[in-house]
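*Asks:* What follows is the residue order along each chain.
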Amino acid sequence: MKLYNIALKNLKGNLYRYIMYYFSNVFTVAVFFIFSNFIFHPRFDEGPLAPSGTVHMGAITGITVCLIIIVIFTILFVSYASSIFLKARGKEFGLLSLFGMTSKQIRKYVFVERNIITVLSVATGLITGILFSKLFFMAMEAFMNISLPFSISWKALALTIGLFFILFEAVNILSLFRIRNKEIVEQLKIEKMPKELPSFSKFKSLLGIGLLIIGYSAAWIVDGAFVVFAMIPVVLIVVAGTYFVFTQFSLLLASRLTNNKTIFHNRTNLVAFSQMRFKLKDTAKVLFLASVLGAITFTATETIFSFFTEIPNIIGLKNMPQDISIIQEGENLNDNLSIVKAMDILKDYGFVVEEYQRVKLIRVINEKEEYEDGHVSDILAISNSDYNKLASYMGKEKVQVGEGEVIYNYPFRTVYYDEGIVKNIEFPYEVVTLNINGETGDFTVKGEVHGSVTTLLNRRSDLIILNDADYNRISKKAEEKDLVIFNGIYIDSWKTSYRTSLKIQEMLGERYDEFFFSKAIPYREMRNMYGLALFIGFFIAFLFFIASGSIIYFKLFNEIKQDGLEYNILKKIGITRKEMKGMITKQIAVIFFLPFIVSTIHSLFALKSLSNLLDAKLLTNGLVVMAGYFVVQGIYFIIIRRIYLNKIDHISEIATE
Amino acid sequence: MYVLETKGLSKIYGSKGKGLAVKALDNFNMTVKEGEFLGVMGPSGSGKTTLLNILATIDSPSSGEVHINGKNPHKLDKDRLALFRRKNLGFVFQDFNLLDTLSVKENIILPLVLDGVNSSVIEKKVGELARVLDIENILHKRTYEISGGQQQRTACARALINDPSIILADEPTGNLDSKASNDLMEALERINKERGATIVMVTHDAFAASFCNRIIMIKDGKFFLEIVKSSTRQVFFKEILDSLSLIGGGHNEAI
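For the record, the sequence lines run as chains F and X. Residue 244 in our numbering sits at position 244 of the first sequence; the count goes up by one each step and never skips. Residue 811 in our numbering sits at position 154 of the second sequence; the count goes up by one each step and never skips.
What the hints contain is simulated information worked out from the structure, not anything from laboratory work. Each residue gets a CB set at the ideal place from its N, CA and C atoms; glycine is no exception. Incorrect hints may have been included.
In silico lysine-lysine, PhoX-like type, Cα no more than 20 Å apart, as pairs [said to hold, decoys possible]: (1) F:LYS398 with F:LYS446; (2) F:LYS261 with X:LYS879; (3) X:LYS744 with F:LYS578; (4) X:LYS798 with F:LYS261; (5) F:LYS108 with F:LYS204; (6) F:LYS647 with X:LYS735.
Facing chain X, from chain F, some residues (calculated, C-beta under 8 Å) [to be verified]: (7) LEU197; (8) VAL271; (9) SER274.
Turn these sequences into a full structure, and let the hints guide you.
*Replies:* This is the structure in structure tokens:
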């Protein structure tokens, strides 16, 4: 029997220990391959393929960033995991050296064992990657509106194999130096040494809670642009708080619980809680890491998801009242046929036109806004009754403009601060002089209303509202070049009108290039963009999720032999299987869901900050994302509980014989 | 009526087709009366531990029956069996089997807490047992802070706290020095005499065995001989040594 055989046998025997590590690695390799296979796809050599360059660049850059994250993360994960494994095997190494294995041989033995895992991980990862590449391409085709024939890139294959081999081997070789030469007796005794009662500091526990309260309140209170400045300090405070909560406060809490006789001396609680106390001590740092990692994952997912749901808000679609607008001016001024055709297309595609608005606007020159170079600015005038018609459909207040007066309509609702003073006056004139083809008139500015009533494009979309009589007078002076006809259409469900909008755009042709707008078009493009980010981000999130779960798993299973022996004692004293299951479930649940709960709370506060920044209510988004993660975490928990119970049964049965 | 009775007990290992079948117990009969302090002795591989495991209901016989208080526990399902052990049996093991995560007192009261017994009852019983076993001063210590002898007396207290029908002891002095062994055996003797506890103890150690009222010797899974204490412990000790030399094999390691 060679060293290789011993290593292989040992791997088989300790399969439960390595299985999650192996799965994490397989997943990482697979994702890495899928991503790089996408980037190296031959079709991208020809330049941007997607209809919009932003989506194309976004996809490539996003995925490249993800590849870098994967590499950095893998280095951290693999080295941490290997240090946990080595620590757990002190007794085994002690036995091996007792049998006369030199420390060089032990290193070789570990090295061989690791190489087997590496080869297996990379090979299965690649196969999984190749299998799922087609699926990934199909998703990307949908997001980017391109066609990507299935192909396996040799470059991607070589990169994945080369990179992960170097990476795994480097970490392996470095970790071999950590196998220290303790006295054999010490190594053999390691597992038998009873642990001392976990100690904690009251001050640090309270400090942890205090830091969390400070961080949370800051995240809750800070508003608007200050969120950006507050972010880093708040994150640092919360991370520090989390550390103390896990390493100190959790022990304080456990100690309080074990001092409360009514709770502690209640059936299996006696054993479950006291074991929990030691488990918390052992896993505190891992739980801390897992909850920070989880908080990052959750927050990132929630952020992207919020951008996804808040697209209309972010790209300003909320300021655009009509779903579709067509503007007639210049050569198109009298082209009413196109409008009829557009309405027909909408009907053909099954959309119901809920409101059709046609408003005539007149371009006048506002002489007050004369620039230094002599350039004057024009502004569109609308009649009082037209404005009221548009406004009342939207549910806005009507206005009343007297003769010789104007009201200024500013399209946005922004209120901003300038040197501490609330500024909401956009039109700082008392009197304006309007000029139409050389004829001028003075009007008193009666006031201004904010929020647009039209969807005008590629121009200043502010309006000046005139009394109907004044408007008619100016109208007579207006020539064709001064006229703008605005056609606004409300339909029953604009979000689904992307294809129809493209049809209308095609029908209108080039001459309407800047005079046609449908909300559905930018909406759909942004949706694809964020959808893509969400999709790619999902892989990374899942990677983090699996990895932090695996680390908890390693920690949990390191102690399983000890636990098995304890359950064996309990079995003799007379504990039913149901009671034992209950205790184990309680303990694993705490270890598994504690970081999850902490991450959730962290990320909900971060989301609150984001809502403050975006001025939107995002709590529902947070809950949707959480529910998703909860399901995955729940499944993970059920699987691990099963493996754990089986292993415990196995160990305690062996101990009985 | 006997507290414990076995009828034609056999245990065969490795009988399922493959490998060599080993008869660890062969048609073994024994009875224990209430208040008895019985020792089971025999050389290595004689079947002592198998017997104890079967009596402890953590192993089942290939054939034959065990009756504890007239009931056959091996007919119960696993969970009922666990509850049966909790209510009727007390255990003392060679390696103490205390839980490191619990304090001495918590280890002792564990069986009662599992049964949901009222805490005032628990306090009363712990106080009483701690006095008998002389561990009052260490009740709040952790298991790693006390000596082996104290650990074993803690285990005795745990075995006694639920007033079991029988206490089963498996080499209780195996990990103790002579002073601690003596203390422990005196404690067991006291428990037996003062509280009328029925004890079945498996041991190698003739000195420990001399505290019993009666000794059963097993050889190759079969009943070999029985000696009953008739006069002093010293005399009984001699008789045990003589019997051990008779049984052979195990005699060297027994002393």
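*Asks:* Output the indices of the hints that this structure fails to meet, ascending.
*Replies:* 2 and 5
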